[in-house]
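Be aware that the sequence shown starts at 1, since it is given in the working numbering, and climbs by one per residue.
Just so you know, the hints here were simulated from the structure itself, not pulled from any lab data. Be careful, since some hints might not be right.
Stated by the list, open to error - PhoX-like, lysine-lysine: derived pairs with alpha carbons at most 25 Å apart: (1) K73 with K62; (2) K113 with K59; (3) K73 with K59.
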Amino acid sequence: MTEDDKYRELPVESTGEWYRYGWVWFVFTIPFAAVLFGIVMIVSANYQPDDVVVDNYYKEGKGINKRIARDAKADELGVRVTLEALTDTGAVFGIEAAGGDIQMSLFHVTDQKQDMTFQLVSQGEGVYTVSSAEFARRLNQPGIWYIEFTDYDWRLRTRLQTPISTLALGPS
Numbered sequence: 001m002t003e004d005d006k007y008r009e010l011p012v013e014s015t016g017e018w019y020r021y022g023w024v025w026f027v028f029t030i031p032f033a034a035v036l037f038g039i040v041m042i043v044s045a046n047y048q049p050d051d052v053v054v055d056n057y058y059k060e061g062k063g064i065n066k067r068i069a070r071d072a073k074a075d076e077l078g079v080r081v082t083l084e085a086l087t088d089t090g091a092v093f094g095i096e097a098a099g100g101d102i103q104m105s106l107f108h109v110t111d112q113k114q115d116m117t118f119q120l121v122s123q124g125e126g127v128y129t130v131s132s133a134e135f136a137r138r139l140n141q142p143g144i145w146y147i148e149f150t151d152y153d154w155r156l157r158t159r160l161q162t163p164i165s166t167l168a169l170g171p172s
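Construct the complete structure from the given sequences, taking the supplied hints into account.
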């Protein structure tokens with residue numbers, strides 16, 4: 001055998017096409033599945049972002065002292081809120097030791113799209129109304145909400161498990 005024969009290529013017999021081998025598909029499947037699941041995760045994360053997570057946590061953190069001061073002011077003033085009546089078209093609230101423009105907000109615990117804010121209408125002598133069939137419907141259906149009453153100086157807030165028939169907020 002000569003020196004050249006030693007390095008000569010041996011003929012290779014083909015046993016079939018590459019796509020007929022199971023190991024080739026096994027090796028291709030793993031990276032393909034990773035790319036596919038990555039695309040699914042990106043699409044699902046962008047389709048329904050998480051409302052529970054606050055985007056600007058620093059700004060939210062700075063406002064906590066202001067909220068605590070407003071809660072303390074409500075205790076100091078002796079502000080008390082009671083649900084007087086709940087009808088199909090709205091609600092009537094009795095609010096003691098308060099005056100001026102009062103705003104009421106209803107926050108869903110997980111879905112920010114369901115949040116509602118209303119300006120309460122004073123009927124005189126501490127009686128305030130809100131006219132909203134949607135608000136009344138949400139208080140009559142099962143769910144978990146936060147309800148908040150605010151004025152310029154004070155804030156009362158509590159967690160509700162609906163449906164409700166009574167509500168009383170005030171100094172503890």
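Now the hints, each set against the structure:
Between K73 and K62, the direct Cα distance comes to roughly 18 Å. Compliance with the 25 Å bound is thereby established for this hinted pair. Straight-line distance between C-alpha atoms of K113 and K59 comes to about 21 Å, which keeps the hinted pair within the 25 Å bound. Pair hint K73 plus K59 holds up; C-alpha atoms about 22 Å apart against a cutoff of 25 Å.
Checked against the numbered hints listed earlier, the structure breaks none of them; every hint is satisfied.
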